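Residue numbers (my numbering), protein chains in the order written: chain G, 1 to 169; chain A, 1 to 689.
What the hints contain is simulated information worked out from the structure, not anything from laboratory work. This structure is a prediction, so every number in the text was calculated from the model and none was measured. Just so it is clear, CB atoms sit at the ideal spot from N, CA and C, and this is done for glycine as well. Careful, some of the hints might be misleading.
[Stated by the list, open to error] Heads up, simulated DSS-like pairs for lysine-lysine below, C-alpha to C-alpha not over 30 Å straight-line:
#: 1; chain 1: A; residue 1: Lys620; chain 2: G; residue 2: Lys46
#: 2; chain 1: A; residue 1: Lys632; chain 2: G; residue 2: Lys41
#: 3; chain 1: A; residue 1: Lys391; chain 2: G; residue 2: Lys73
#: 4; chain 1: G; residue 1: Lys73; chain 2: G; residue 2: Lys46
#: 5; chain 1: A; residue 1: Lys602; chain 2: G; residue 2: Lys41
#: 6; chain 1: A; residue 1: Lys529; chain 2: G; residue 2: Lys46
#: 7; chain 1: A; residue 1: Lys116; chain 2: G; residue 2: Lys46
#: 8; chain 1: A; residue 1: Lys602; chain 2: A; residue 2: Lys529
#: 9; chain 1: G; residue 1: Lys41; chain 2: G; residue 2: Lys73
#: 10; chain 1: A; residue 1: Lys620; chain 2: G; residue 2: Lys73
#: 11; chain 1: A; residue 1: Lys276; chain 2: A; residue 2: Lys424
#: 12; chain 1: G; residue 1: Lys46; chain 2: A; residue 2: Lys632
#: 13; chain 1: A; residue 1: Lys401; chain 2: A; residue 2: Lys632
#: 14; chain 1: A; residue 1: Lys529; chain 2: A; residue 2: Lys424
#: 15; chain 1: G; residue 1: Lys46; chain 2: A; residue 2: Lys401
#: 16; chain 1: G; residue 1: Lys41; chain 2: A; residue 2: Lys211
#: 17; chain 1: A; residue 1: Lys602; chain 2: A; residue 2: Lys401
#: 18; chain 1: A; residue 1: Lys116; chain 2: A; residue 2: Lys211
#: 19; chain 1: A; residue 1: Lys276; chain 2: A; residue 2: Lys401
#: 20; chain 1: G; residue 1: Lys41; chain 2: A; residue 2: Lys424
#: 21; chain 1: A; residue 1: Lys401; chain 2: A; residue 2: Lys391
#: 22; chain 1: A; residue 1: Lys401; chain 2: G; residue 2: Lys41
#: 23; chain 1: A; residue 1: Lys116; chain 2: A; residue 2: Lys281
#: 24; chain 1: G; residue 1: Lys73; chain 2: A; residue 2: Lys281
#: 25; chain 1: A; residue 1: Lys391; chain 2: G; residue 2: Lys41
#: 26; chain 1: G; residue 1: Lys73; chain 2: A; residue 2: Lys401
#: 27; chain 1: A; residue 1: Lys602; chain 2: A; residue 2: Lys632
[Claimed, not checked] The following label-pair restraints were derived from C-beta to C-beta distances:
#: 28; chain 1: A; residue 1: Gln551; chain 2: G; residue 2: Asp76; range: 26 to 36 Å
#: 29; chain 1: G; residue 1: Val120; chain 2: A; residue 2: Val447; range: 34 to 44 Å
#: 30; chain 1: G; residue 1: Gly108; chain 2: A; residue 2: Val556; range: 45 to 55 Å
#: 31; chain 1: G; residue 1: Leu127; chain 2: A; residue 2: Ala450; range: 15 to 25 Å
#: 32; chain 1: A; residue 1: Pro208; chain 2: G; residue 2: Leu127; range: 25 to 35 Å
#: 33; chain 1: A; residue 1: Leu353; chain 2: G; residue 2: Thr66; range: 33 to 43 Å
#: 34; chain 1: A; residue 1: Lys529; chain 2: G; residue 2: Leu19; range: 24 to 34 Å
#: 35; chain 1: A; residue 1: Trp436; chain 2: G; residue 2: Val120; range: 32 to 42 Å
#: 36; chain 1: A; residue 1: Pro176; chain 2: G; residue 2: Val93; range: 39 to 49 Å
#: 37; chain 1: A; residue 1: Trp436; chain 2: G; residue 2: Leu19; range: 56 to 66 Å
#: 38; chain 1: A; residue 1: Asn390; chain 2: G; residue 2: Asp76; range: 25 to 35 Å
#: 39; chain 1: A; residue 1: Gly164; chain 2: G; residue 2: His69; range: 33 to 43 Å
#: 40; chain 1: G; residue 1: Thr66; chain 2: A; residue 2: Val556; range: 33 to 43 Å
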Amino acid sequence: MTKSRVRVRALLCAGVAALCLTAAVLGYVLAVHAQETQRAKTLGQKLLCVCGCNQILTACNHVGCTYSHGMLKELDDRVARNEPDDLTIQAFVQEYGPTVLAAPPTTGFNRAAWVMPIVVPLIALYLFFEVVRRWRQRAAIATASGPAVSAELLARAQREAGKDDDEQR
Amino acid sequence: MDIFGSFALILAFLAAAYTFAAGIAGAITRRPLLTRSARHAGMAVFGLVTLAVASLEYFFFTDNFSMAYIAAHSNRALPAFYKFAALWAGQEGSLLFWSWLLSTYVFLALFVNRNKHPELMPYAGVVMAGVQIFFLTLNNFVASPFGVLGGPDASGTMRLAALGDGHGLNPLLQYPEMVIHPPMLYLGYTGFTIPFAFALAALLGRYPGEKWIHITRRWTMIAWCFQSIGILLGAHWAYAVLGWGGYWAWDPVENASLLPWITGTAFLHSVMMQEKRGMLKVWNVWLVFTTFMLCILGTLLTRSGVISSVHAFAQSSIGNWFVGFLALVFIVCFWSYWLNRDYLRSDNTLDSLVSRESSFLFNNLILLAACFAVLWGTLFPVLSEWVVGNKISVGPPFFNKVNIPIALFSLLLTGVGPLLAWRKTSFDALRRNFAWPVIIGVLSGTVAFAFGFREIYSLICLILCVFVTLSIASEFYRGARVIAARDGSNILTAIGDLTMRNTRRYGGYIVHFGMVLIFIGIAGSAFNKDIQMEMAPGQSLAIGPYRILCQNFDRVANSNFESERATLEIFRNGRSEMMLYPERRFFLASEVTETMVAVQSKPLHDLYVVYAGRSPETGKPVIHAYINPLVKWIWFGGIIVVLGTGLALLPNRRAALVLKPLAEQPWGDTVAKSASPIGAIARSSDAHD
Numbered sequence: 001m002t003k004s005r006v007r008v009r010a011l012l013c014a015g016v017a018a019l020c021l022t023a024a025v026l027g028y029v030l031a032v033h034a035q036e037t038q039r040a041k042t043l044g045q046k047l048l049c050v051c052g053c054n055q056i057l058t059a060c061n062h063v064g065c066t067y068s069h070g071m072l073k074e075l076d077d078r079v080a081r082n083e084p085d086d087l088t089i090q091a092f093v094q095e096y097g098p099t100v101l102a103a104p105p106t107t108g109f110n111r112a113a114w115v116m117p118i119v120v121p122l123i124a125l126y127l128f129f130e131v132v133r134r135w136r137q138r139a140a141i142a143t144a145s146g147p148a149v150s151a152e153l154l155a156r157a158q159r160e161a162g163k164d165d166d167e168q169r
Numbered sequence: 001m002d003i004f005g006s007f008a009l010i011l012a013f014l015a016a017a018y019t020f021a022a023g024i025a026g027a028i029t030r031r032p033l034l035t036r037s038a039r040h041a042g043m044a045v046f047g048l049v050t051l052a053v054a055s056l057e058y059f060f061f062t063d064n065f066s067m068a069y070i071a072a073h074s075n076r077a078l079p080a081f082y083k084f085a086a087l088w089a090g091q092e093g094s095l096l097f098w099s100w101l102l103s104t105y106v107f108l109a110l111f112v113n114r115n116k117h118p119e120l121m122p123y124a125g126v127v128m129a130g131v132q133i134f135f136l137t138l139n140n141f142v143a144s145p146f147g148v149l150g151g152p153d154a155s156g157t158m159r160l161a162a163l164g165d166g167h168g169l170n171p172l173l174q175y176p177e178m179v180i181h182p183p184m185l186y187l188g189y190t191g192f193t194i195p196f197a198f199a200l201a202a203l204l205g206r207y208p209g210e211k212w213i214h215i216t217r218r219w220t221m222i223a224w225c226f227q228s229i230g231i232l233l234g235a236h237w238a239y240a241v242l243g244w245g246g247y248w249a250w251d252p253v254e255n256a257s258l259l260p261w262i263t264g265t266a267f268l269h270s271v272m273m274q275e276k277r278g279m280l281k282v283w284n285v286w287l288v289f290t291t292f293m294l295c296i297l298g299t300l301l302t303r304s305g306v307i308s309s310v311h312a313f314a315q316s317s318i319g320n321w322f323v324g325f326l327a328l329v330f331i332v333c334f335w336s337y338w339l340n341r342d343y344l345r346s347d348n349t350l351d352s353l354v355s356r357e358s359s360f361l362f363n364n365l366i367l368l369a370a371c372f373a374v375l376w377g378t379l380f381p382v383l384s385e386w387v388v389g390n391k392i393s394v395g396p397p398f399f400n401k402v403n404i405p406i407a408l409f410s411l412l413l414t415g416v417g418p419l420l421a422w423r424k425t426s427f428d429a430l431r432r433n434f435a436w437p438v439i440i441g442v443l444s445g446t447v448a449f450a451f452g453f454r455e456i457y458s459l460i461c462l463i464l465c466v467f468v469t470l471s472i473a474s475e476f477y478r479g480a481r482v483i484a485a486r487d488g489s490n491i492l493t494a495i496g497d498l499t500m501r502n503t504r505r506y507g508g509y510i511v512h513f514g515m516v517l518i519f520i521g522i523a524g525s526a527f528n529k530d531i532q533m534e535m536a537p538g539q540s541l542a543i544g545p546y547r548i549l550c551q552n553f554d555r556v557a558n559s560n561f562e563s564e565r566a567t568l569e570i571f572r573n574g575r576s577e578m579m580l581y582p583e584r585r586f587f588l589a590s591e592v593t594e595t596m597v598a599v600q601s602k603p604l605h606d607l608y609v610v611y612a613g614r615s616p617e618t619g620k621p622v623i624h625a626y627i628n629p630l631v632k633w634i635w636f637g638g639i640i641v642v643l644g645t646g647l648a649l650l651p652n653r654r655a656a657l658v659l660k661p662l663a664e665q666p667w668g669d670t671v672a673k674s675a676s677p678i679g680a681i682a683r684s685s686d687a688h689d
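Extracted from the complex, chain G is given alone in its bound form (with noise of 0.2 Å):
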């Protein structure tokens, strides 16, 4: 083998080789930015924006809206610099007020806002069940009482039952 061939060799194996790491480390960046898009894609749907249009931050595109540009490089930048999704979330309540969540947070007097519709259908349901349970209860009476009789016919009743009673005997 010429040296010229093994340099050759060399040159090849060596190109391949920086195009693999070129691959790998373009594979990794996307795929961290990719990752990146998408977690800020989901804490963005986690905030409003605070222009007033009641809309998820991501999908504020209010013409002219001076907060949701802002907002979303914002949240970019925290998300790029590996915040931590509470910490982020946090930040945009300090500067925005509390208004800045999506839905309220599991704390203090907020939390009834989730408690409240689980609560009051299970109170809807129990009320449902008892309020079967009375009429069948009431269904049940009635058809064991049956029509109200006098004493005085009760007494008649009995009297001919008796009689019939004795002529059988």
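Add chain A to chain G, keeping to what the hints say.
Frame of chain G; chain A shown alone:
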């Protein structure tokens, strides 16, 4: 002309007041003349409010900018189509429009029942007049649309003023659906006044039996249908105009329109219990009351500015009037109920938990839970501010988390209910009716899961949609099979025959099928994709199966707006498929810029493209593209719902026996051949009841 309109409105108010007073006097003294004159005055209100509306429309079409309302909501360049719709663009005009729709309903209710229900109609007329008085008070004394521009001159004399041109219509409203959406929604809101009036009248007059239910069933269905159309058109407008890629944002005003729709739906189901079994009388009366009160609450939320919303009218003191009216309505309803509660005793009780009755009860419970969750989420920001002093936002994540399970449970009941029998369902019947729908539903879910369908709610929704569709189909099939076997007709003819014999029941099933399609469309949103990119001409972006190539950006203009427009070529599988032109329009009169979305809608997905403007940093145009799966199913489902409701409104066609004389035969033959002593055969014929 402005005096003409104002005068007509004042007269309408006086006529409504007379209807109210004379109606009460007539009901107490039982003098037919008074009752009749009250009815005529009630009908005259319609004519007078129509004159006021016509007068305001005249000002719009003649560009009379000395009128404050015209100057604020119209301009010379506005197309005639939108000038007509500008009537309901602002607070004052929309309240007048509301009064007009209400008076139309009242006129029709009084006219249709003019010779019927003499015991009930005077009370109903009084209640309807009471509601009209409230709205006409607003039209006349609180938010008159006939205000003129002007002020005192140097000498203190009042002078009229006129603008050269108006401020124009809100650009968001310059979209064809906005011409139809508000009237539909208002027809829903105002329409619920009629069942409310009849329910309250029946209670006050202790009207016997379930007659008021029969009288108001069609009115309720008409109002419900309009409300459904209004909600769906609103969703479509939000989708096509607001440009954020979705159709429902759980905005307070959207929620306000949903609330009476939910209770109206519950009422339409629970009335069947009262009609068939004499049950749930208290419940039904309160459902109607609640539906009406939620209509008023919705109006309050839209107009008071209590809750911030992109839809709401400017903040105004008009909310206090609505709060007062709402309180008054509640007091009257509660007082009437308390006085007459013994009249609302149930005739029957529930025989079994596995019955049609209990499914209706569950259905009502679920719908009320959904209504409560939406109302709670809508009002929670106000409540939070009152209790802890700081306002909190309640946005889509909350509503989706709370309402999706409720909606899925309600979908399940849509399939279960029709398969259960009245009174009690045997185990055998349960197995027979449920086996196939359940098996195929679960199988389809398994197949979807195997193909990588992993969104849990969408998966459950798919299983339930298959189950409900099959249960509906089996209902049609079972009934049609009997008719086909008896008449010897084919199954399709038998299905048609079956449907027309019980339009209410089978129309209801078609409505349920429409709801299934809507659910499928909503479930598709779990698979939405979007991408946003700065694009110069020649650049392209890829989303889903599409490649979007930016060809150029240009400007177009007319007398109403100037537009910056992107020309995008859409490729699919390397082949050019279509051109899309998303725009940003600058409306000259109002000096407001809005986006115009470009949508390519297909049965499986929509390609939705927004020209989001230029990047503040680079100055390059930004294109935001979305792939929204199955959105078309929502609109198609909506059409099916409307058709089903229309069918349910038709009278039943029923089989009748008609005696047909035999052809003349010798006496002996007739006696020998005819089994019937009168020598006639019976054949089936169709007739309307």
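Compare the structure with the hints numbered earlier in the document and write down the numbers of the violated ones, lowest to highest.
7, 14, 16, 19, 20, 24, 31, 33, 40
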